[in-house]
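Asker: All chains should be modelled from the sequences, with the hints used to inform the complete structure.
Residue numbers (the numbering used here), protein chains in the order written: chain A, 3 to 277; chain B, 630 to 795.
If you're looking for bench data, these hints aren't it; they were derived computationally from the structure. All values reported here derive from a predicted model rather than from experimental measurement. Do not rely on the hints blindly, as some may be mistaken.
[As the list claims (entries may be wrong)] To be clear about the criterion: a stretch of chain A counts as covered by chain B if any three or more of its residues have a C-beta under 8 Å from a C-beta of chain B, and this derived list gives those stretches:
1. 105-111
2. 138-146
[Said to hold, decoys possible] Which chain B residues stay away from chain A? Per the calculated CB distances, all over 12 Å, these:
3. Ala668
4. Asn680
5. Asp682
6. Thr753
For each residue, glycine too, the CB sits at the ideal point set by N, CA and C.
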Amino acid sequence: MRYTESDLRTLLHEHGRERDGGEPAAPLDAIVRRGRRMRRTRRAATAGAAVAFTVAAFALGNGLLIGRSGADRTTVAARPTGSAQPARWPKLPDRFPVVLGAEKFDLRPIYTGRFETVGAGQRLTFTPTSYSTAIKVACDDPRAWVVVAMPLKGGETGGSAGRCGESVGGHHDRKSAPSGWLKRPQSIQVWVFPADAPIREVACRKMPEECDESVQGRALLRPEVRDQLSAMAGGQPGRWTAAIYDRAGKRPPLPDGGPLPDAGSPFASTSTPAG
Amino acid sequence: MDDGFAEYVAQRHLRLCRMAYLLARDWGTAEDLVQTALAKAWVAWRRIEGNPDPYVYRIIVNTHASWWRRRWRGEIPAETIPEAADPRDAAAEVADQVALWSAIGALSPRQRAVIVLHYYEGRTLTQVADIVGCSLGAVKTQLSRALGRLRVDPDIQTMTMERAQR
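Answerer: This is the structure in structure tokens:
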């Protein structure tokens, strides 16, 4: 059958009135609390970006004026965005085992960052202590998507993408680390997207039936896909932790639900929203 | 910081929840959508000039679109709308209503937003375009496609007339 506009209006008004359990109360307190949290997060993000800019400008200045010796001293510690509230955070192992032929050794964490929203990229800036530098990410939702992008030896950007519970990450060795790896602070970018991020809609419009997990993972390596997803799904709540491991690192506390270390670590690092 | 925010929430919360329910088709999600939108509005409250409704509606529509896939998975779009056996049968009328409601659920988030804002909220198409953030022509296109999928004929004025034709 066909319907009229009047039918449509009537139906919408009838359904709009229906509700089991009475009318919803207006939770003003909860709304204001949520608004304050949003404002704090935004201010922290803005402050983080300002810190990163200052660090970058200072490092550049050092490099130009006094050469590379100044660059290694340029370390500023800052809390990652969204780490203000005490809470339980996804745990990461305190070692990253590496097997290179007959050589086996463990990497130790030199930096940990905690985040409470997903959908936006984060740039983790740290000072490597060897060529064997690794990254690992843990999420509240192991089905969340993770993308890691890091500089490679040839100057290009490499990386990996997959579900958070599938150990997305990787490590450098002397052959893969970019030149100057130990001479200055380095950055790795990490994006965590919700498990149900509309990757298929964004990246597989032409052939959605062929858009399986591996295709979606590869699609996440494309910047334009990540940008669209960030615009659509950015800012959703979701806790995740990222750690940088290195061979000769001094161990800072790992995320276990306690507060993050503040400034003062010799491996001080920053995290800022990635562009 | 208040400046009428509490009053706005008290006055508009229920209506916003109803509108959000028609988009999300789940009361829990609707209340979450509204709470998210109002929290964002609280942050920007001093910068909002005039009626805050369009701003809040825009957040609800955009937030719903971003959450769409998560909710959409649980729904089964109706490819065909069941034909009623007898238009004078009360059970058939209920079936018609169910079929129409089901068809609304199968619309894309943007089309559903246009339908709800225009037919439930009574917004003009120009206002809908402002809220949804696209051109008037795009809204007309979305509306036309949505009505086509719902089998709503804007040229037919009443159910009685329509039924007399069958």
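Asker: Each hint needs a verdict: does it hold in this structure or not?
Answerer: To see whether the hints hold, each was checked on the structure:
1. 105-111: violated (count 0)
2. 138-146: With 0 residues closer than 8 Å to chain B, the stretch 138-146 of chain A misses the three-residue bar; violated.
3. Ala668: violated (4 Å)
4. Asn680: holds (18 Å)
5. Asp682: holds (16 Å)
6. Thr753: Non-interface label stands for threonine 753(B): nearest chain A Cβ at 14 Å, farther than 12 Å.
In this structure, the hints that do not hold are numbers 1, 2 and 3, in rising order.
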